[in-house]
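The hints should help you fit chain B onto chain A, whose structure is shown.
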Amino acid sequence: MIATLLEVSGVTVTFDGFRAINNLSIQFPPTGLRAIIGPNGAGKTTFMDIVTGKTKPDEGHVIWGEENVSLLGLSESDIATRGIGRKFQKPTVFEAQTVRQNLAMALKNPRSPFAVLTHRRTAKNAAKIEAIADEIGLTDSLTRIAGELSHGQKQWLEIGMLLAQDPRLLLVDEPAAGMTVEEREKTTDILRRAAETRSVVVVEHDMEFVRRLDCKVTVLHEGAVLAEGSLDHVTSNQTVIDVYLGRGHA
Amino acid sequence: MHNTFIARNPSVLWFLAALGLFTFGVTILSEATGLGLISTSFVKTLGKTLCLCLIAIAMDVVWGYCGILSLGHFAFFGIGGYAIGMWLMYARTEAIVLQNFSAQTIPATPQEISDAIGNQIFGVVGSSDFPAIWSFADSLVLQLAMVVLIPGLLALVFGWLAFRSRVTGVYLSILTQAMTLALSLYLFQNDSGLRGNNGLSGLQNIPGFEQTPQATISIVFFLASAFALGAGYLFFAWVISGKMGSVVQGIRDNEARVRFLGYHVESYKLFIFTITAVVSGIAGALYYPQAGIINPGEIAPIASIYLAVWVAIGGRGRLYGAVIGAAFVSLLSSWFTGGGAPDINLGFYTIQWTDWWLVLLGLSFVVVTLYFPKGIGGLFDYLVRKPS
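In order, the protein sequence lines correspond to chains A and B. Under this note's numbering, the first sequence has 115 at position 123, and the numbering climbs by one with no breaks. Under this note's numbering, the second sequence has 1219 at position 385, and the numbering climbs by one with no breaks.
Just chain A, with the same shape it has in the complex (with noise of 0.2 Å):
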């Protein structure tokens, strides 16, 4: 087992002559939770984004897996095919299409366009969206389309497409926005579930979720990282209280 799965180191990104990322440098191991918190504008869907491949930092490495990849000059669909999975702050499913549809879009197959016009539906990958399905609480809800679900059962959708990839590291921004307090819940089950096999990467706002997921915690601060540790280690640190947490009780 090797110790770091992803590696970002000395990253920084310009647009417009702002700094969105200074010289940001933060490891993520194999398995595990970690949530990345900051004020608005810290940097944290601009860090994913580079991740990702969306975004291309000015500097810096971004070193990824075993062989020591460089993902960075790697296109989005290539990166997610080694491993990355993103959660989109909105929910993001397709609509149109029904819950075994958008299932068994994600689903780690082969994703060349021959591939995919030759792919014949087989028992084990029913089984495998069955599992998943069980597993975000959707199974009486494979027939209906995305559309017609609700928010929550649209993000736990979008939760199970990603499981569904079978990534190595799972990049989640902000998964329980607008969920009741079960969702919430049942959310953290899942994400907490998914950490025991995987590297699942939380970005979130809200301090009474994070808390709930009880996993070491970054603080991001204009582009770089301010502190990091568990929760009430950050949240005793006097720089954090001032930039971050300071404000709501100022």
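Just so you know, these hints were derived from the structure itself, not from any lab. Every residue, glycine too, gets a C-beta built ideally from N, C-alpha and C. Check the hints yourself; a few may be wrong.
What the hints assert, rightly or not - Some, not all, of what chain A presents toward chain B, calculated at C-beta under 8 Å: (1) T44; (2) A96; (3) A98.
This is chain B only, laid out in the frame that chain A set:
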């Protein structure tokens, strides 16, 4: 697996049955079988309409399913027509020239024959030399290959450049318009090698079948067009039925999300763009022998826009919708513009449909887009109630 494909897509079976019935009916009633209730010229109109339906389903796949609003697919249609037209014109002119020479006592040299053919074909643009693109015009097989290869290659190169640069939406539509406009302007030139604005003519005369009456030829082409439409429908229905359909519709609805699922979106777009271009070429190759003439005006940008209008009115995102739209609007169009519709005298002004048809078409396009986004095909949703 074929059974389950049909079982999962009952509309395919309905469509093929309707097409078969229609084809059978027209064949029986045509002049070729002696009943003669449908004139030869109308059989040709129907055959041409079937070709338009074929390019319409291609358009529906690329636009309605994949979300690429190509306004240049008629360029591929025209190329298919030109490719087959070159052989038709060459082979027929050759036959005429050989017949003329046969009266001579001294046999003509191959050079003389070639010059005579060149003179016949290119005299109209003041030339008698064969341009390089006519090198294979004497071979039916090679020209048939070009019907498929040239639209395919053009679409592949154009699509690769456009999709690789992530040109989407309106910008892509404008690019495709530019492509078809450029091609049409090029072909208008006398030295393009394809007879400039004269285009290729006499295409209804099939070499080797000089003695066969047009009534028979028309019904053969009608049947061939019907077969091509049926085969094209089946092919596209298969392409969009399974996981490919899922991915392609996913690209239409949220391209970025499909990318993050690990699919190389550009390859998929290129695949869809190219196969629809090839089918458009085949449709064109069947259309123009029935039309008898092809000229650069046929691939003017407006033609491809009409194509989008047919698909929108018929209902995009469903193959039979495209067929209905193309058949309905193009037949109605020839009825109105051909003087079939009676003029309306308002006393102070007479509405002449030859002039006002386009206004009517434009209005119906606006109305359909605003109030019936599912088009005519959407009416079928009321007939087929899904079990709830």
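Item checked: Violated hints, by number in ascending order, as checked against the structure -> none
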